[in-house]
Amino acid sequence: MNKCFHIAATLVAFLLILLIPAQAAGEAESSAEPKQKASDKIACFEDLRGRILAVPSSTVQDIFVEEHYPDIKLDRFDTEADMMLSLQQEKCDGAIMDDVICYALVRKTEGVTILPDSPVPPCKMGVVFGKHNAELCEQFNAFIRQLREKGELQPIMERWIKHFDTAEMPDLPLPRKGKPIRVAMEPCTEPIVFIKNEKIAGFDAELIQRFSVYINRPVEIVEMEYDSLIASTTTGKADMAASGILITEERAESVLFSEPYYDSHSRVAVLTKNADASIITGNEGPQILGIWGSIKRSFYRNIIEERRYMLLWDGLKVTIHISFFSALLGTILGAFICYMRMSRCKLCSTLAKIYIDVMRGTPVLVLLMMMCYVAFTQFDNTPVAIITFAMNFAAYVSEMFRTSISSIDKGQTEAGIALGFSPVRTFCYIVLPQAVRRVLPVYKGELISLIKNTSIVGYVAVADLTRASYIIRGRTFDPFFPLLMVALMYFLIAWLFTYILDRIGNKVC
Amino acid sequence: MIQIIHLQKSFGKVDVLTDVNLNIKCGEVISIIGPSGTGKSTFLRCLNLLEQPTGGSIIIDGQEVLNGRVNTSKLRQKMGMVFQSFNLFNHLSVLDNVCIGPVKLLGKSRKEAETKAMELLKLVGMAEKAHAMPDELSGGQKQRAAIARSLSMEPEIILFDEPTSALDPTMVSEVLSVIRALARQGMTMAIVTHEMSFARDVSTRVVYMDKGIIYEEGTPEEIFEHPKRERTRVFVNRIRDFHFQFHSPDYDRYLLKSEWQAYCNKYFLTRESMRKAQLIGNVLFRNLPLAKGTVDFYFRYSEQTREMSMEVLLPFGVDPIELENNSIIRELCSDVDYNYEDDRVKYKLMLRHKNR
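Residue numbers (this note's numbering), protein chains in the order written: chain W, 967 to 1475; chain P, -16 to 339.
No wet-lab data here; the hints were simulated from the structure. Treat the numbers as computed from the prediction; the structure is a model and nothing was measured. Treat the hints loosely; a few may be bogus.
[Said to hold, decoys possible] Straight-line distance between alpha carbons at most 30 Å, and here's what the computed DSBU-like set of lysine-lysine pairs gives:
| no. | chain 1 | residue 1 | chain 2 | residue 2 |
| --- | --- | --- | --- | --- |
| 1 | P | K112 | W | K1473 |
| 2 | W | K1039 | W | K1007 |
| 3 | W | K1090 | W | K1116 |
| 4 | W | K1376 | P | K87 |
| 5 | P | K(-4) | W | K1319 |
| 6 | W | K1376 | P | K194 |
With the rest of the complex left out, here is chain W (with noise of 0.2 Å):
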């Protein structure tokens, strides 16, 4: 019953931890006053200098405005999501992207307003295809022809980009026979390629799909960060990368890329109240709700509209499998690698020191990119990333084991021989017990941070809980809540973990 209660109030205190912020956050945009006169309104790119411009980090509008405006200062972010959050909070004044995303997002976000010019050039939107695919580029390219000849292609841009809240899908009979091609995509931008009722969606996809129908062979989409769409093509783990990736001298030397499909124009958003008059098209100000209003609207749009919760669902699933299974592979493996490391063997305790050495001194994404993208890239990245957890995982636990072991003094291990145990039944009837129970406090620690090291599996395509986050952001544009929904779910896992583990520990013990 008082664990209960303990259990209770931990978890009420971790959430209005976790909710002052965001509420806070919320706050600012309605309480903060303007930090600008009247006259120092934004009415066009100009107006932009000396100020503090978010761009999406080493895309063509970054290089651009670096070239050209260096009285600007830039802010570099990774998604478009965590830019407009900037912006709420004023810490830049403008932030520049792609057309296409930008009128979804101010869209979706209040109080945010699009200038009328920007002065970086439109870029070209292309479909990515290893050097080795040259004969499939060349049909996706045939496929384009066609469908602008029959003037097709330009409704299915409109229906995407004006309308994306109504747009859908075709129907369309997707052949389901045939050698699949892999299309890795980061389904996290609306609305090029993202996640509307659990099923993949945006223009991107629908041209994929179009394809597909084309060619006549099944597809299979393969989820990524975005930074490793490209480098998929090369090594093989894709045939074929779209999610709408910009044609650029630099990246067409290492890849084909296939005829632009749309002209990307660049959109600069700045906050509504410090925008000129004259730019302000009808957009409201933002609507003030109460701090259970804005808690409700946020769960229903990033948990209940279109069955969000499928998508934490699975990721906690995936999450739980990935953690579980490197945990049980990398305490097994970590029990050998201790074996090894105190074996009177030099060869086999020096190895293992090498190998606890390499292991703890690279960073974990270091090695999970290699062991995905270099050594295996034939097989499953989810075995694989269990496979490196695992190997991580049995460098710490492993010198976790010696030293617990090696604190059982030698003399119970002598009485246990002098007993006439064998040296293997003492160690299991005299040292393990007394090990285990030194080693599990710590061993708790590492397993915690082991299941919350995960979370790196997106870059390397697993769509965990971390990446199930990321998808529902790019969607509702939400900075904090489906965050904290995660971090709330990786609190529990671990919790769940090692009450497990303490139950086990209870029985051992």
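Given the coordinates of chain W, work out where chain P should sit on it, guided by the hints.
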């Protein structure tokens, strides 16, 4: 029962046991005494193969055990061992410590083992603490529990490795009386110990080990009352040496003084004894031919008998000096003697002893 022939053990280049020969018969209680670092414990540990001997042979009931064909675990079951640091299994209660062997190794049922364990715990006076954890026990209680544990395997011999060295003085007797009781029951035992009076009353045979060999062995009486050999005598009488080396007449008086002071404090020499020794020393040092080379001076004090003696080794080729006629020396010394040892003249002065 156990025959040990030319047993050798070395750790790397250090020879700990050079040549140990011993026969242990059924029912014997053998005390192994000797200075620290002479391989007593190592010898005991070699007996049940906790250390692998590097040479020689151990024959148990007519069977050679060092040829690698013997099941060492089975062998150890018949040979209980009690350690200096108790080594109870910390995660098990006293009762479980005593039961684990019979249950896991002898295949006894839990119930049978517990009944037997309680009997043994009663024997060592620990029945009341059967369910306590080792952490909750005093040193003496731990050691008694450890004795019960070694008895649980029904061994034919028990090896005690300094069973009371880690105990504080108040707890020594409780452990020793348990061992005494076992001895009365006819248990075969080999005990490495520093408790001389205990070794004297409990054992049937005393083995004095020094520098990796059995230097002298005999009945307790022979060893403690009439040791035949020099080092045994030094050991059993607890003779403490003070040594100073003179290189010239201008020796460092203050160094000598401070070392002497430290020595006297360390072994609690009485004021009276100190005064006597200093008087003789003054006469002696005045007469020593210090200019002729290195002179070694020894003062010996037995903590056991309180006898004091002095020894002076004169440099090579120096004529004997006249000491007998000095009045102080005549008065304070019972005996003055000299002989030649390795071409050096060695003087020996026995100080008069009050009790004699």
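Legend entry - Numbers of the earlier hints that this structure fails to satisfy, in rising order: none
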